[in-house]
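2 protein chains.
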Amino acid sequence: MAKVITPRQEDYSRWYTDVIIQSQMADYSPVKGCMVIRPLGYALWEAIQRELDARFKETGHENAYFPLFIPESFLHKEAEHVAGFAPELAVVTHGGGKELEEALIVRPTSETIIYAMFAKWIRSYRDLPVLINQWANVVRWEMRTRLFLRTTEFLWQEGHTAHVSEAEAEEEALTILEIYRRFAEEHMAIPVYTGVKTESERFAGALRTYSIEALMQDKKALQAGTSHNLGQNFAKAFEVKYQTKDGTWEHVWSTSWGVSTRLVGALVMAHGDDNGVSFPPRLAPLQVVIVPIWKTDEEKSRIAEAARLAAEELKGACRVKVDLRDEVSPGWKFNEWELKGVPLRLEIGPRDLEKNQFTAVRRLDRRKTAVPRDGLLAHVGPLLEEIQADMLEKGRAFLRENTRDAKSYDELKRGLEETGGFFRAHWCGSADCEKRIKDETKATIRCIPLEGNREDGTCLRCNGASRRWVYFARSY
Amino acid sequence: MAKVITPRQEDYSRWYTDVIIQSQMADYSPVKGCMVIRPLGYALWEAIQRELDARFKETGHENAYFPLFIPESFLHKEAEHVAGFAPELAVVTHGGGKELEEALIVRPTSETIIYAMFAKWIRSYRDLPVLINQWANVVRWEMRTRLFLRTTEFLWQEGHTAHVSEAEAEEEALTILEIYRRFAEEHMAIPVYTGVKTESERFAGALRTYSIEALMQDKKALQAGTSHNLGQNFAKAFEVKYQTKDGTWEHVWSTSWGVSTRLVGALVMAHGDDNGVSFPPRLAPLQVVIVPIWKTDEEKSRIAEAARLAAEELKGACRVKVDLRDEVSPGWKFNEWELKGVPLRLEIGPRDLEKNQFTAVRRLDRRKTAVPRDGLLAHVGPLLEEIQADMLEKGRAFLRENTRDAKSYDELKRGLEETGGFFRAHWCGSADCEKRIKDETKATIRCIPLEGNREDGTCLRCNGASRRWVYFARSY
Chain Y
51 MAKVITPRQE DYSRWYTDVI IQSQMADYSP VKGCMVIRPL GYALWEAIQR ELDARFKETG
111 HENAYFPLFI PESFLHKEAE HVAGFAPELA VVTHGGGKEL EEALIVRPTS ETIIYAMFAK
171 WIRSYRDLPV LINQWANVVR WEMRTRLFLR TTEFLWQEGH TAHVSEAEAE EEALTILEIY
231 RRFAEEHMAI PVYTGVKTES ERFAGALRTY SIEALMQDKK ALQAGTSHNL GQNFAKAFEV
291 KYQTKDGTWE HVWSTSWGVS TRLVGALVMA HGDDNGVSFP PRLAPLQVVI VPIWKTDEEK
351 SRIAEAARLA AEELKGACRV KVDLRDEVSP GWKFNEWELK GVPLRLEIGP RDLEKNQFTA
411 VRRLDRRKTA VPRDGLLAHV GPLLEEIQAD MLEKGRAFLR ENTRDAKSYD ELKRGLEETG
471 GFFRAHWCGS ADCEKRIKDE TKATIRCIPL EGNREDGTCL RCNGASRRWV YFARSY
Chain L
51 MAKVITPRQE DYSRWYTDVI IQSQMADYSP VKGCMVIRPL GYALWEAIQR ELDARFKETG
111 HENAYFPLFI PESFLHKEAE HVAGFAPELA VVTHGGGKEL EEALIVRPTS ETIIYAMFAK
171 WIRSYRDLPV LINQWANVVR WEMRTRLFLR TTEFLWQEGH TAHVSEAEAE EEALTILEIY
231 RRFAEEHMAI PVYTGVKTES ERFAGALRTY SIEALMQDKK ALQAGTSHNL GQNFAKAFEV
291 KYQTKDGTWE HVWSTSWGVS TRLVGALVMA HGDDNGVSFP PRLAPLQVVI VPIWKTDEEK
351 SRIAEAARLA AEELKGACRV KVDLRDEVSP GWKFNEWELK GVPLRLEIGP RDLEKNQFTA
411 VRRLDRRKTA VPRDGLLAHV GPLLEEIQAD MLEKGRAFLR ENTRDAKSYD ELKRGLEETG
471 GFFRAHWCGS ADCEKRIKDE TKATIRCIPL EGNREDGTCL RCNGASRRWV YFARSY
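Chains as they are written, first to last, in this note's numbering: chain Y, 51 to 526; chain L, 51 to 526.
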């Protein structure tokens, strides 16, 4: 605890690492590129899993589990797919003391192994749709890694679905995009832009890739979830066919979609401050911490008792802990629980006891309110919901204030240097212009909105005709 | 569905595979030794996870996540450990297109990587105990695999804890053993024997290994969970030390423990019959299926409506589904839901409608009861609990009837051939006798009970003195 957190203004990247390590969310491991997710970080992932899993199941998806290893030849069946992943693969060459006849790839994603199974399972239109999700670890060899944001091994969910028509696959891809968008806003308190990726940014083997894009405090964008309409590409590569009602055979239409432990990094980067991490109540592993404050022994017994009773009262309704440690001071406790991101602190000292109240302090802004001891339960729920709403509102304001129009290439370049954030700008649609802008500014097209962006204009770089603006930003 | 299930009497092993494949719990994958867990099989694993995870958390454990890969040198730090696992390892030699300087092992278990982290995290007695659990996939190269029971990759939980004293570590190992025992009985409806393993059967690197041992329908034992007191072996290998209150430095005492997707196989083997799998209500993904029976269209609309209403009524209280399919007959539906192990079926036909009732049919024994439509909810809960209790009672009777005394080596040999099951028999304690008995009979000492087995006798094989009997059985 004696360690100092680098302030965000000084070095955002060091701040990020500092708060994760010091709050004990994660740690570096002795395995290059791989991290250890410690209990606080993992509890956040569990909260994310719990909520998303419920939404997937509500919409008819079922969980399954496919092998970690993929025969090397499978990856070669879809040409774009293997080209996209080849540089990032981890390869098992020996098993059980012998060299393998065919090397096995540690899955970087599971399309190929899953489509091999779909080909076996799907026979008739009656078997469709197949709506499957998998919670798993995947491995992509990364040269430059960052805790949670980019690690060689990471945890994720990957949905894989098969349908009778392109329209149905498209609807599925967009249903999931909406689940991701709402989850980001309603649970993570992180508002996002949604849209479709350009050809150069889409998933290797997809027809269309949709994404949710968030903005971090350093004004860089973070892709927080993707949903792909795969068309019939994988179905054709793996011969996944079904017999229609009319008796003809057709390839299925399919989707895949995923979010990963990167979301935990997004929570840190979006809400943390120079005192540590800060979590929205709906996902916070611990929502309320009760800290008693005493000087004399006589005070201690009465105040500790009041704190204990309060924890008892709140237990069924929220995730609460009472911190009765003797060996550290109340101030030390305040710092520790702020470092670890607990959204609401309830203090009770001699004056509070006298007034029959707790002093509630919000992690978000340290705003204090007195809360009567009688009916504590009735007050804490609304306080947590208020914090959740205020965090989202703060995020919305931040995103709004940091989304600007760039009417010219100069305006974009200047904006990227001076303010950062998202820029609405016109683009002609050519991959060449896109690449030149990226090379020259380090900004990419984060997504092309699905609506609300139709307007005539001219491309930033080539002045060619453009019918709609897109979101540019520098990103993680 | 046209496929025939091999009867248990004809070939228990084929029956096992048949019911798993046909009920769509799992499937073979194109990767040697690896299986695909399909939604029904995975839903059982999720139910197992949900219950055990709650019990681990209640007893103070936290989940975390450690890397999939372990540097080869780590495994060599504990001599017995590497000797135990060396023949089963999968080795990653290439990553990101290059040959690695040090090969990485795909974890067969995580002691070594976790102790490397414990060495970093643990400094003082104040940091102890550390009570960590991980839900993860592990890989052990297996030559002969069986769905769920023995696969190259499997899913499991592995608990890893560190303590200030041997007594505390021992208490932890036994606490977990008791959690496993109760879970097996109360949720899986599988009664088990518990005890300590002999030296030759214990975990590579452990001081003592405890296990729960169940009996399958073919009278072979199945080790269903293990809990290890690791002493200071790993602490010494990885230099995990803490400073005591007195300021001296000591190695921690530690435990590890785990159960795996093998438990799903145990559920199939313990409860299934020639019609398919059969699940205890507390774990069954679907607890109740409602099947309407009609002949005329007029009947259909009224009966389907009654079935739908019943499902609506039960929805909040149990996992229920109404099967309104038109294209298959009621008989076909009965077979399908029996195959898939749903514990309770509610039928409603014209006569039931007239009598204002449902006919409830138990998967366990097809016993039928009439259940009034009014107050259906109040009847279904107790019916499910009754099924759960009856399945456990049936399991208890089976275990009791198939546990025998073997007073002589001949009796053991004859018993193993004629009846199978567990045999209480005396053993002198020598590894030599143990090995000879195993070589000659294929039976192993499943466990040495912790109590209730003290009595003077003579070793089955050598007639040497014995102070307690142990459980022998052939096993999976």
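None of these hints come from the bench; they were simulated from the model. Treat the hints with care, since some could be wrong.
If several chains are the same, the list does not tell them apart, and a pair holds so long as it fits within one copy or across any two.
[Claimed, not checked] As a list, the in silico DSS-like pairs of lysine-lysine whose alpha-carbon atoms are at most 25 Å apart: (1) K53 - K291; (2) K383 - K365; (3) K405 - K345; (4) K492 - K418; (5) K350 - K269; (6) K295 - K107; (7) K365 - K418; (8) K418 - K107; (9) K295 - K148; (10) K444 - K269; (11) K107 - K405; (12) K418 - K485; (13) K291 - K492; (14) K365 - K286; (15) K383 - K107.
Tested hints:
1. K53 - K291: between (60 Å within a copy, 22 Å between copies)
2. K383 - K365: Within one copy only: 20 Å inside a chain, 45 Å across chains, cut-off 25 Å.
3. K405 - K345: Intra 17 Å, inter 73 Å, cutoff 25 Å: intra-copy only.
4. K492 - K418: neither (43 Å within a copy, 71 Å between copies)
5. K350 - K269: Neither. Shortest intra-copy (47 Å) and inter-copy (62 Å) distances fail the 25 Å Cα cut-off.
6. K295 - K107: This pair counts as neither: shortest intra-copy Cα distance 28 Å, inter-copy 51 Å.
7. K365 - K418: within (22 Å within a copy, 43 Å between copies)
8. K418 - K107: For K418 and K107, the Cα distance exceeds 25 Å both inside one copy (40 Å) and across copies (32 Å).
9. K295 - K148: Classified as neither; 49 Å inside a copy, 50 Å across copies.
10. K444 - K269: within (14 Å within a copy, 64 Å between copies)
11. K107 - K405: Cα proximity of K107 and K405: none, with 48 Å in one copy and 36 Å across.
12. K418 - K485: Answer is neither; intra-copy 50 Å and inter-copy 71 Å both fail.
13. K291 - K492: neither (42 Å within a copy, 48 Å between copies)
14. K365 - K286: So K365 and K286 fail the 25 Å test inside a copy (54 Å) and across (40 Å) alike.
15. K383 - K107: between (40 Å within a copy, 23 Å between copies)
In terms of the numbered hints stated before, the structure departs from hints 4, 5, 6, 8, 9, 11, 12, 13 and 14, listed from lowest to highest.
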